[in-house]
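Undergrad: Residues per chain are reported as follows:
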Amino acid sequence: DTAVSQTPKYLVTQMGNDKSIKCEQNLGHDTMYWYKQDSKKFLKIMFSYNNKELIINETVPNRFSPKSPDKAHLNLHINSLELGDSAVYFCASSPPGQGSTGELFFGEGSRLTVL
Amino acid sequence: GENVEQHPSTLSVQEGDSAVIKCTYSDSASNYFPWYKQELGKRPQLIIDIRSNVGEKKDQRIAVTLNKTAKHFSLHITETQPEDSAVYFCAAVKPGTYKYIFGTGTRLKVLA
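As you go down the protein sequences, you meet chains A and B in turn.
Counting from 1, one number per residue, gives the positions in the first sequence under this note's numbering.
Counting from 1, one number per residue, gives the positions in the second sequence under this note's numbering.
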């Protein structure tokens, strides 16, 4: 049973295209996140949703648009892809009842390569 | 803004030796400090965490210490084994923000 699952795991696309990554968690968590890990391995927060409400929106280009249809799902849509968008995108979730200081459970990551 | 500095960026130790990774955070309101291990090609996974009301926590070969005054916290791994080789990330979290600020990572290599 995969706790936090992302699809696709690998994505190779041309510059200028639009692509989406989907994330689902079956842990009953209230809060979900998107993190970007670049080639230097830096983990940078992009967005966070708590019970479908956007609570973190870092300085990310507006080509990136998250969407949370329900608290178990958080998707990421990227328009007009650029070379610099190449990275591994991690979805994560954290449990309710611990406020903002509980363990982050990460998905397996989606490696995006823009050519 | 919030910042977490992590040192060293790479660390090589002989099997059986100890490894220490250090982090410094900028926001004194941070009260939760987790450590994550990321093996090659895998997801980051929590290995130990500490909250600001505790100065030290230990779990078998892994320990974390926190100095709130200096805004430092450290990960200590004793009797290192080859399977400890990975990238380790520290993080600091301020209550009510849901924002986990990660350090830049330390690549640990344990040489057999």
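Incorrect hints may have been included.
What the hints assert, rightly or not - Simulated crosslink set (DSS-like; lysine-lysine; CA at most 30 Å straight-line):
#1 K57(B) to K99(B)
#2 K57(B) to K9(A)
#3 K99(B) to K36(A)
#4 K68(B) to K67(A)
#5 K52(A) to K99(B)
#6 K52(A) to K94(B)
#7 K44(A) to K71(B)
#8 K71(A) to K41(A)
#9 K58(B) to K9(A)
#10 K9(A) to K109(B)
#11 K57(B) to K68(B)
#12 K42(B) to K22(B)
Rather than coming from a laboratory, the hints here were simulated on the basis of the structure.
Undergrad: Does each hint fit the structure? Answer for all of them.
TA: Going through the hints against the structure:
1. K57(B) to K99(B): holds (23 Å)
2. K57(B) to K9(A): Distance ~35 Å between K57(B) and K9(A) Cα, so the pair is violated.
3. K99(B) to K36(A): holds (14 Å)
4. K68(B) to K67(A): Distance ~37 Å between K68(B) and K67(A) Cα, so the pair is violated.
5. K52(A) to K99(B): holds (16 Å)
6. K52(A) to K94(B): holds (21 Å)
7. K44(A) to K71(B): holds (21 Å)
8. K71(A) to K41(A): Measuring from Cα to Cα gives roughly 28 Å; hence the hint holds.
9. K58(B) to K9(A): Outside the cut-off at roughly 35 Å; violated.
10. K9(A) to K109(B): holds (27 Å)
11. K57(B) to K68(B): holds (14 Å)
12. K42(B) to K22(B): Cα-Cα ~23 Å, so holds.
Checked against the numbered hints listed earlier, the structure breaks hints 2, 4, 9; every other hint is satisfied.
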